[in-house]
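Peer 1: I would like the entire structure built from these sequences, with the hints used as guidance.
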Amino acid sequence: MKLLLLTSLYFLPFNIITFDPPEPEIGKRWVLNLQYSDEFDGNVLDSKKWRNSYMGWKGRSPGYFSPDAISVKEGTLQIKNGVLDKTVKHHVKGQYSIKGGAVQSLEKTAHFGYYEASFKASKIAMSTTFWMSNQKIPVDFVTKISDGNCQKDQFSQELDIAESIGGTISSGDKFKKNMNFNTHYRYIDCAGGKEKFYSAGNNAIEGNGQEINAQLSSESWEDFHIYGAYWKNANEVAFYSDNALIGDVQIRTDVVDEPFPRPLGINMVTETYDWATPYPTNKELTDDTINTSYYDWVRSYSLVDINYEEEKTNNYSGEGAKIYVEEIRFFEKPSVADGVLKIPYVYKANTNKLLVFKVIDSKNKVVFETSFTLLSGYGKDIKTLELPTLETVKNYTFLGELTTLDGKTVSSNTEK
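Using the UniProt record's numbering, the first residue of the sequence shown is number 1, and each one after it goes up by one.
I should point out that these hints are in silico values taken from the structure, not numbers from a laboratory.
As the structure is a prediction and not an experimental result, all values here were calculated from the model.
Since no wrong hints were added, every one of them can be taken at face value.
Across the chosen pairs, the derived CB separations fall in these ranges: (1) Gly148 / Glu211: 34 to 44 Å; (2) Asn233 / Gln135: 14 to 24 Å; (3) Thr253 / Val366: 55 to 65 Å; (4) Asp140 / Ser171: 31 to 41 Å; (5) Phe112 / Phe372: 24 to 34 Å; (6) Lys194 / Thr404: 58 to 68 Å; (7) Ser47 / Leu405: 33 to 43 Å; (8) Lys174 / Thr404: 39 to 49 Å; (9) Thr281 / Glu222: 12 to 22 Å.
Below are the DSS-like pairs computed for lysine-lysine, each with C-alpha atoms no more than 27 Å apart in a straight line: (10) Lys383 / Lys333; (11) Lys28 / Lys333; (12) Lys394 / Lys383; (13) Lys49 / Lys108; (14) Lys416 / Lys380; (15) Lys394 / Lys363; (16) Lys58 / Lys194; (17) Lys108 / Lys80; (18) Lys136 / Lys49; (19) Lys322 / Lys49; (20) Lys58 / Lys196; (21) Lys394 / Lys342.
Note that beta-carbon positions come from the ideal geometry of N, C-alpha and C, so glycine has one too.
Peer 2: Okay, structure coming up:
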């Protein structure tokens with residue numbers, strides 16, 4: 001993970017990044033799913049999470065997925081594209097001449113949630129991508145096309161969060177200046193034969209060309225950009241670029257009413273496309289200043305109940321997952337009415353924290369104080385307490401302090 005400068009609340013460690021999932025709904029919190037998250041701070045690919053190849057696919061000719069293109073160094077995952085070695089070409093069937101790479105998650109259990117990656121594309125006519133997919137399975141249920149008793153129909157899902165090409169191609173500069181995304185319901189009908197893609201997204205070449213302003217602040221090869229997708233349910237995905245909502249996509253329902261029900265795996269891949277030509281030259285492929293795709297990090301989040309204990313999960317973040325700028329704030333002004341105190345709060349915490357809440361009167365006297373534990377993550381809730389001794393007045397000051405469990409203040413928020 002590269003070092004980025006941050007503004008401070010109380011104090012901020014310099015290794016925290018200010019990119020987060022969208023604000024959760026009331027009563028929920030985002031937690032990091034460790035199996036599909038990586039800061040790439042080591043010097044080898046984590047073999048408990050990733051493989052340096054793509055199972056069942058060598059790459060799209062002329063680009064071959066070569067394991068030796070993959071490295072982890074300088075705080076990034078790097079895929080160094082190049083000219084395919086002659087000894088590799090001799091042993092690989094197909095017309096392969098270009099070396100690309102693929103990093104694929106070992107598991108395919110990632111379900112509804114928020115998925116994001118920070119990457120900088122190479123400056124050649126090969127893609128730098130971040131996407132999710134699963135394998136085809138038989139259709140053993142009734143669809144809008146079949147009765148569920150076919151022998152040959154199959155389907156799979158593909159969620160293309162970002163496909164970027166930093167180099168020059170004949171079809172224009174959209175793939176270097178914009179975030180390009182798609183959803184594909186991939187279906188083989190009862191007759192078998194060629195697979196059909198039912199696609200929705202803003203990538204007009206591979207999708208339905210949905211009109212969405214997805215322009216980046218700089219070209220994809222110039223800087224790291226954050227590409228994210230909130231996979232909400234079996235029908236809808238919202239896409240984000242540099243922490244801003246770009247647009248919502250309704251997944252096509254030509255075949256079934258709920259086209260994205262199954263879990264997916266994560267892929268980070270550099271590819272060649274027959275529509276993205278001319279292919280890079282040997283000179284470009286051997287130029288180390290432009291031939292490499294860099295991934296700063298990949299993060300995956302699951303939405304859980306606000307008080308869901310993290311030790312009850314297998315892969316969610318526990319103490320010490322330092323990804324948030326820790327803060328406490330009120331999304332509405334706290335209130336006292338008819339003996340009831342309401343505290344509407346949003347917080348971000350890398351480890352379990354305390355919310356210390358105080359009600360202060362017009363004479364600057366603390367008339368009520370309470371504290372309760374906030375579990376690590378990004379949460380939103382309304383705390384309601386019955387306090388018949390507090391009067392219904394409008395001149396209270398409300399102070400919320402996010403503290404460590406031993407009382408050290410991390411962030412505070414005041415409402416008058």
